[in-house]
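Undergrad: Okay, here's what each chain looks like letter by letter:
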Amino acid sequence: MISDRFAPALGLAGGALIGLAAAGLMLADGRIAGVSGILGRSLAGGRGDRAWRLLFLLGLPLGASGAAAVLGDLHGFEITASLPRLAVGGFLVGFGTWVGNGCTSGHGVCGLARGSARSFAATLAFMAAGIATVFVVRHLAGAA
Amino acid sequence: MRELAALVCGVVFGAGLLVSGMTNPAKVLGFLDLAGRWDPTLAFVMGGALAVNAAAWALTRRREAPLFAAAFALPAERRIDRRLLAGAALFGVGWGLVGLCPGPALAGLLRGQLPVYVFVLTLVAGIAAAQLYTRPGRR
Chain A
1 MISDRFAPAL GLAGGALIGL AAAGLMLADG RIAGVSGILG RSLAGGRGDR
51 AWRLLFLLGL PLGASGAAAV LGDLHGFEIT ASLPRLAVGG FLVGFGTWVG
101 NGCTSGHGVC GLARGSARSF AATLAFMAAG IATVFVVRHL AGAA
Chain B
1 MRELAALVCG VVFGAGLLVS GMTNPAKVLG FLDLAGRWDP TLAFVMGGAL
51 AVNAAAWALT RRREAPLFAA AFALPAERRI DRRLLAGAAL FGVGWGLVGL
101 CPGPALAGLL RGQLPVYVFV LTLVAGIAAA QLYTRPGRR
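Chains as they are written, first to last, in this note's numbering: chain A, 1 to 144; chain B, 1 to 139.
Chain B with its partners taken away, still in its complex shape:
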C-alpha cells in the first residue's frame, strides 16, 4: 500500500505541475524576471499548494502515525546555517539559469526533449557529487 500511495501521489503531483504551468521553464523564468514582463503565476501555485498542504498538515499532525508506515519521517535539523543557505543559493542560481527545478524536470521526461535529458542527467550528477562532498564528518 505504501508503494501504491507513493505512485498515486507522484501522478497527482505531476498532473498539478502540468496544470499549473510550472512544467514550462519560460513561465518559471517569467516569475523570476521581476524587471521584465513579469508572470506572477508561480506565486499562485505556491499559494494553492500551501493552502491545501497546511490545512491537511493541521489535521494529519494530530495522528500518532501515518496510514501505511510506523511513524512520520520529519527532519530533525532546526538550524539555519551557512550550509543551508549556500546550498539553497546554488540551487537558485541553477534554477535561474534554466527555469527547471527537480519536480518539473522529471515531469518533462516523457516529452522526448534533449534539453530535459541533459538537465536531468547533470542534476543527478550534481546530487551524487554533493553526496560525496557531504559525507559524514564534513558536516
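If we strip away everything but chain A, and leave its shape as in the complex, we get:
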C-alpha cells in the first residue's frame, strides 16, 4: 500500500536541486556537500575554512524557508517524536554521522555519485538501521 503523501515529481525536482548544489560546491570550492561533516568541522574551527562552512549551513534554512515563501510549504511539517525521543535521536544522529564520516548528503548524495564503495556501504547501513528502527517503534512497540 502506497502512502497518499507520495510525490515523485516534486521528489525528483527537489533531488535535482540538491544534486545541483552538491555539484556546484565541488566545482566551485572542491568540497563535498556533506552537511554533518561541514557542521562538525565548523564547530572544531579550521582557520580560514570556517567562513564558507558557516555560510553553506546558513544557506540551508534560508533556501528552505525562501522556497516555502515563494512556492508555499509544499509538503508541510509533521513531527511526532516526543522531546526525549528527539534528544536521543539528535544525539545518535550527531554521534553516528561523525564516527561514520557522513550522513544522507555526504555518503548518500555525494559519495554514491563519485562511486565510493565506502559511501555505498554506509548508505546501506544507515538505511537498514533506519528501516529497522521504524519497524520496531511503529509495529512492535506500537508508537507513532
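A couple of the hints might just be wrong.
Stated by the list, open to error - Pair by pair, the computed Cβ-Cβ distance ranges are:
hint: 1; chain 1: A; residue 1: Asp73; chain 2: B; residue 2: Leu121; range: 29 to 37 Å
hint: 2; chain 1: B; residue 1: Arg82; chain 2: A; residue 2: His139; range: 23 to 31 Å
hint: 3; chain 1: A; residue 1: Leu140; chain 2: B; residue 2: Glu64; range: 48 to 56 Å
FYI, nobody ran anything at the bench for these hints, they're computed from the structure.
Note that the Cβ used here is the ideal one computed from N, Cα and C, for glycine as well.
Given the structure of chain A, go ahead and fit chain B onto it with the hints provided.
TA: Positioned in the frame of chain A, the structure of chain B alone reads:
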C-alpha cells in the same frame, strides 16, 4: 568568491530539500516504514540528486582544480571498517527515531519549532561527543 559560492550552494540545497519534501519528518519516516503505508518519495529524491551530481562529477573530475580553491578535498579513506558501519548504523537509529537528518534539521531552523531546536542542539552535542571519542590515537 569561495564563501559566496558556498552560500549559494547552501541556499539551493535548502530549496531542494523543501521542494523534495524531505524537510517533513513524516515523509522520511513514511519512506523508512516499509511495513506501513509506504512513501517512496525519498528514493526519487536520491535518484534526482544522484543523476545530476554523478553527471556533474564526470565533468568536474577532469579539471585540475576547482574554480575557487587550490585542490579538490576528497576523502583519502577507502576502508569499509567497523567504525564506518557502526557510525552509520547509530545514525540510522537516530534518523528512524525522529525522521530528521542533519540537512533537513538545519533547513527547518526558521520554522520556529521547538522540536527542531531540541534536535539540532542534541545533534551538535552528539558531534562534539564523537569528536572527543575519536581523538587521534583512538582510530
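Undergrad: Could you tell me which of the hints above the structure violates, numbers in ascending order?
TA: Hint 1 alone not satisfied by this model.
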